[in-house]
Amino acid sequence: MTLAILQATNRARDAETPSALLKLPGGSTLIGDLAGRFRSAGVNRIVAITRPEWVDAIGAAVGDGVEVRGSASLATDIEAYAELFGESDGDTLISEADVVCHHGAISGLLLDPKITSGTLASRAKRYAGLNRITIQRGRVIHARSAYHTSPRTNSHALGMIKVGADDREAAIEACRIVSDPAFADSPSLQAELDATSHRRLNTFARSNQGLMLQRELAERRHDLEWLPDRDTIEAELDGALEEAVVRPREEDERDPAALVLVGLVRSGTLVKPAYLRSFQLHRCRTQDEAERAGTALARADEDAIALSNAVKATDGFFTTFFVSPYSRFIARWTAKRGMTPNQVTWISLALGALAALAFWRATLEWRIVGAVLLQAAFTFDCVDGQLARYTRQFSRLGAWLDSVFDRGKEYLVFAGLAAGYERLNPGSDIWLLAMAAIGFQTFRHLVDFSYAAQQHEELDELDYLPMVEAHPLNAYVADDESDDDDPDAAPEAVEEIVVTPRASLMSSIARSVIKLSRQAADLPGGVWLKRIITLPIGERFFLISITAAIWGAKVTFISLLVWGAFAALYVSTGRVVRSLR
Amino acid sequence: MNALIAYLDRSPLGDSIGERAGRLPGLVAVVLAAGAPAAVLIGEDAALIAAAVAWFIATTGAAPQRGRLGWLVPPLLRAAEYGTVLAVFVDSNAGAPWGYAYLGALAYHHYDIVYRLRNLGAAPPRLIQTIVMGAELRTIVILGAVLADADMDIVFMIGTALVAIPTVVESVITWTRADSPNMNDDIDD
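Those sequence lines, one after another, are chains A and B. The first sequence: position 179 = 353 (the numbering used here), numbered continuously. The second sequence: position 15 = 753 (the numbering used here), numbered continuously.
All the given hints hold, so there is nothing to weed out.
Computed spacing ranges between beta-carbons, pair by pair:
hint: 1; chain 1: A; residue 1: R535; chain 2: B; residue 2: D891; range: 17 to 27 Å
hint: 2; chain 1: B; residue 1: A916; chain 2: A; residue 2: S746; range: 25 to 35 Å
hint: 3; chain 1: A; residue 1: E241; chain 2: B; residue 2: L865; range: 48 to 58 Å
hint: 4; chain 1: B; residue 1: I787; chain 2: A; residue 2: A339; range: 52 to 62 Å
To be clear, the hints were calculated from the coordinates, so they are not data collected in a lab. On a predicted model such as this, the values are computed, not experimentally measured, just so you know. Glycine included, each C-beta is placed from N, C-alpha and C at the ideal position.
Build the full structure now, drawing on both the sequences and the hints.
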């Protein structure tokens, strides 16, 4: 039984009513629309939490399917949350009620089985101003709220979080800590809240409106006639401050989702990001914003976006530019015919096996046939993953089949190439080359896996501060090894990661190398070049096809070994350097 | 089980020795292990015997969870294992296709260890690890076969069957039974 909690406690900026009751083009309210979207994503029970004076209005807007609870302050909000977590026996979603977003954004967070607990996230700059988080190796390791800061962040949390069924205890504990009076009184948290307000005040003071108002106020002292009178200026200033500083502070203080997220992250729970990517999400506080959001959403082709999001964002150059542009349409076609990802995986294997057979025939014509078959096999290999993500069918068996068959195809093709070459050139050492190729490729993968395992161990062993501590700045060292899953993010959207210096020659050399590497990524095409060098699967299959078709098996194996060695050197240097930093 | 230790692919015997005595610095383990392919290339009996001993010490004594570069130790030991097989065929081609098949079986087994740890959270069952002998014993058998001038065709044919059949059968059974979804989507290119 999935539960969704909608927080409808923000006031609209241009009215005294809750922002959740703003109207979309089409007549429904924000909260009504959102509740409908949650329902169609499979949520069984929806609870709206709002201030006592708005309970009736919200109730009218959402109808009978949604329970409405009145709650007077953050403390009672949080108690309600704790109670609801206790009652729920499945996953729980938490969201602000004044959010407008695509259906795919919600189902991405709710239905992705890799995400037991998670948050909608994005690195795109347009979400600046929302709570920032730090994502590393696919996990959220730091989260900010009005009360909590963290040293170096690289993404934004979009305000919708999922608490997994198994992580409810941690969430309830977080609620308990927040509702404890000691929480609000903690000097470190109060200091952080004040610091946030202070930063807002400074931003406002430097803004155009702020500068103008300050100047008018100063000039009023000289009693200049053409300026509005003092009271007017002061009223305007008060109003502007209210909007820029006071109201946001009140809203922040009452942001249970952010606090629950911080609580989950700090208790060591595995929290993963659900990247928004090309889906849209808008938070609306005025009628104008609501209308624009509704129109923008309606105009977007959600199916095209879902298809585009089904393509992995971190693929290699060859895959991204020479396969994914059309493989996604094959994926959609297979979806329409009701095929499963596993069926596509088997097709891919069959094509690969046929390619190996063609290579075994070893004449020029057959090698060309083999090359074409191999490329077709690779295309279908991309399709099965895209189909799985597009239709949201995930299974362990499917992922395992995909990986095992990938290796199987490649190593069968090696065997076919070697056997064919041996037939035409008896007594050659082609099998030795084939053995070197398979051994080296497996070795490279094992290096990758070992490094990843070690990185995950490091993250597992992180120490977290308790929730009543804001977080001293610069206390934690973060690595910049980000998994850039969000293609919307330009490199500069990621904050510079600072490293606590180890005072040694080795580490300063290491840091210079890392800096050089980052600068190389900023060159045009730099990021792609860096990926090509590593000889990922797309480039590898293409290399095999081209060399086998034109020159034959021997050249294939030698090119794989040479490029592979270069790639291994490049990647290992980077990793060793990071490990020694 | 700690992933890096599972990647060492030892038999239960090797694991229990390793648990008690596994403290070799990574560099030493790797250098000792490199003795195996080198000895096959040299071909002298004494070298082969010394390499077998060194190999056993290296694989059982490795401690990959320590040190900043400890993560490199399991892959380098694997490279030495594969390198030993390659070294057998440098001078003679006899049985080379079975040598390739044996490497294929080993590769299947090693990838399987990684995938199960990441997605099923468990290392391969002890029974399998016993049947496939573990890295510390397999290479010693190969060194012994080279010493005894055995027919490498047969040796690797048996080796392939011994590694491939139990591993494939067991993994197919396990994975087709696993019914909830993949948890990690890390690099796999």
